[in-house]
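**Q** In case you want the letters, here they are:
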Amino acid sequence: MDKLIKMAWRNIWRNKRRTLITIASIFFAVFFAVIMRAFQLGTYEHMIHQAIESFTGYIQIQDKEFFDDPSLDNSFKYGGELANIVENNKEIKVAVPRVASFSLASTGMQSKGVLVTGIDPLREKELSNPEIRIVKYRLTIEAIEKIMAETKLPKKQLELLKIHEKGSFSSWAGLALGLSLSGSLEDELKPIITKHTKFEGQYLKVDDDGVLVSDRLSKYLMAEVGDTITLLGLGYHGVTAAGIFPVRGIVKIPSPDLDNKLVYMTLSKSQQFFDLGNRITSLNINLYDPDEMMEVQSELLASINSDKYTVKNWEEFNPTMKQQIEGDSVGGVIFIGILYFIVLFGIFGTVLMMVAERKREFGVMVAIGMKKAKLVVILFIEMIFLGFIGMATGLGAAAPLIVLGNKNPIRMTGEMAKMYEDMGFDPVMPLAWFDNYFVWQGVIIMIMVILACIFPLEGVRKMKVMNALKA
Amino acid sequence: MKVIEIENLNKIYKESEIEVHAVNGVTLDFEEGEFAAIVGPSGSGKTTLLNMIGGLDDPTSGEVIVGGSSMSKLKGAELTDFRLHNIGFVFQSYNLIPVLTAKENTEFVMRLQGLSAKVCETRSEELLNIVGLGERMNARPNKLSGGQQQRVAVARALASKPKFVLADEPTANLDSKSTETLLEIMEKLNREENITFIFSTHDARVVKKARRVITLEDGKILSDVTKNGGE
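Just so you know, the sequences run in chain order U and P. Residue numbers 1 to 471, in the numbering used here, belong to the letters of the first sequence in order. Residue numbers 1 to 231, in the numbering used here, belong to the letters of the second sequence in order.
Everything labelled a hint here was simulated from the structure, so no lab data went into it. Hints are supplied without guarantee of correctness; some may be wrong.
[To be verified] Calculated from the model, a selection of chain P residues having no Cβ within reach of chain U, i.e. all distances over 10 Å:
(1) A36
(2) D57
(3) A77
(4) L84
(5) T181
[What the hints assert, rightly or not] Just the calculated beta-carbon pair ranges, DEER-fashion:
(6) U:M446 with P:P98: 26 to 36 Å
(7) P:G76 with U:G337: 33 to 43 Å
(8) P:S61 with U:L451: 23 to 33 Å
(9) P:P98 with U:A392: 18 to 28 Å
Everything numeric in this text was worked out from a predicted model, so none of it was measured. From the three backbone atoms N, C-alpha and C, an ideal C-beta is built for every residue, glycine too.
Could you build the full structure based on these sequences and the hints that come with them?
**A** Set out below in structure tokens:
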């Protein structure tokens, strides 16, 4: 066998140019497919992290009727046996109780239906952590005018200021990225921009009687920190829920839909507001390993009182996102499929040429006593070599980029970032960490090599020695 | 002892509607240790006859029996295996495997026979020394002259210890000096090791060296002359 391998290795370098072209085509196909898939999966992971891990949780325990009828009447008391089951599950990273219901919010000038969400300010830090989303900078029209009056900005930053007009930022890093500031320019402009855009706001205290309002909602209601908003809704068993709440801070929620309607208050305040006693509407759960979601859901379903509670996963309570990811994923797979299909024909052409131009040689080899099966094996090894070199170099070149892109995700800046945000996406493009998709690209390319070999190698198997010797 | 027995061998090609008798009722025997040349004009059927003796081409009718075994009963891998163990080939265009060195080309058939690396190495070195290429063992075919390549081909043909060697116009592409050297080597091997050589040739120098000359014309044997003592 070692002799056959040696021959195959030498054979592939007989026509260096063709070998290099074939390897290059496989290299680029693998490289682009891996990077593209890594971007795609990385984006999905980020979306899931943003919307699921950082807001709804992977799993929710609800009252049995709540999923179909999300009314406060279908709330439940959390504690006792249910709490034991949740606390004893080793896969559960955090479980936070929440109250969520719709109310009408008004500031006098404007009113809007809002989602009032009662959270435990301390425990919630382990799930959605609204504290890091508190708006700290706002590029109001007045702020921009003041900045422009105080300093002469470069053309690019001027344009970006206009693009981000009325924009809110939870950190200086976010604002600097939005305005494409770095180095000495950032150092020079930071004090001026901070002075005019600094936005005061604070997270909820445990016994706070105020609220946090989402950024877009606050702009709509024209509610600033220190203002009060009136909430009017329907409480438990139809009681009227009404109250006036001071705005403690503005939170910037990545999801535009939520950012248009979210009001956070403490869990106890929300229970008081809706007259819920110590009832909650959901227990939101995050997991150590999201891949265990289905298993944890099954375990919980098996152990809880199914007459009273139900367990839903994020794909069930957020089907839109699931469909969006699935639809996009299929699109990506089709694109990669087309890419591979083109490469498949490239490999097929190479094998055909390799067989055609060495037909006489094959004839001689069979004439002097080599079995066709062995000849087929040599050719197959040659193709495996080509496929493997292309695959290994492609994966090898993609690997450092994946590490880099995963640890330091590409952050959109300027207009592109704004566009992403307007579409409801965080302007970040991370690459997914090494996973099955990485291995699969290699497997697919090797399968393609095998497919491309079938017809030409079958030709060799059926080759007539006399015809081959005359070639 | 008879090495090859050919009985009423025929090969008919169909060209459009016309049947061409490339080999027409040939009956021949070859004894062990013969140094025979099959001669005749182009199209006389020399190569076709040689190909059928070598099991590379199927006869339309008739039989080739090698060492008591009928080749017509063998097909596919069995026939390939039979060639590997019984027949050595020397082709007009040398047909060495380009990616293998002279030594590896010589070892190739022995490897196919499943001989150990040590045996292969020893015998290939021995054969290459016999054909005068002991110094060029590690050269690939593209680094050897035509004559040298054909000598490697002879070494390769002998490597499997065949019952006989078939050489199809072995000197056609060689200059006179290379032809002389090659013929001397083959004659020496024939005399000293009793290896049977059967050539198809136009070359008068080969005919001169052959101890038996079979002349073909239109696929039939015109004459079959055995010389006394060769030249």
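**Q** Against each hint, give a clear statement of whether it holds in the structure.
**A** Evaluated hints:
no.: 1; hint: A36; in the structure: holds, 20 Å
no.: 2; hint: D57; in the structure: violated, 5 Å
no.: 3; hint: A77; in the structure: violated, 5 Å
no.: 4; hint: L84; in the structure: violated, 3 Å
no.: 5; hint: T181; in the structure: holds, 22 Å
no.: 6; hint: U:M446 with P:P98: 26 to 36 Å; in the structure: holds, 28 Å
no.: 7; hint: P:G76 with U:G337: 33 to 43 Å; in the structure: holds, 39 Å
no.: 8; hint: P:S61 with U:L451: 23 to 33 Å; in the structure: violated, 43 Å
no.: 9; hint: P:P98 with U:A392: 18 to 28 Å; in the structure: holds, 27 Å
Checked against the numbered hints above, the structure violates hints 2, 3, 4, 8; every other hint is satisfied.
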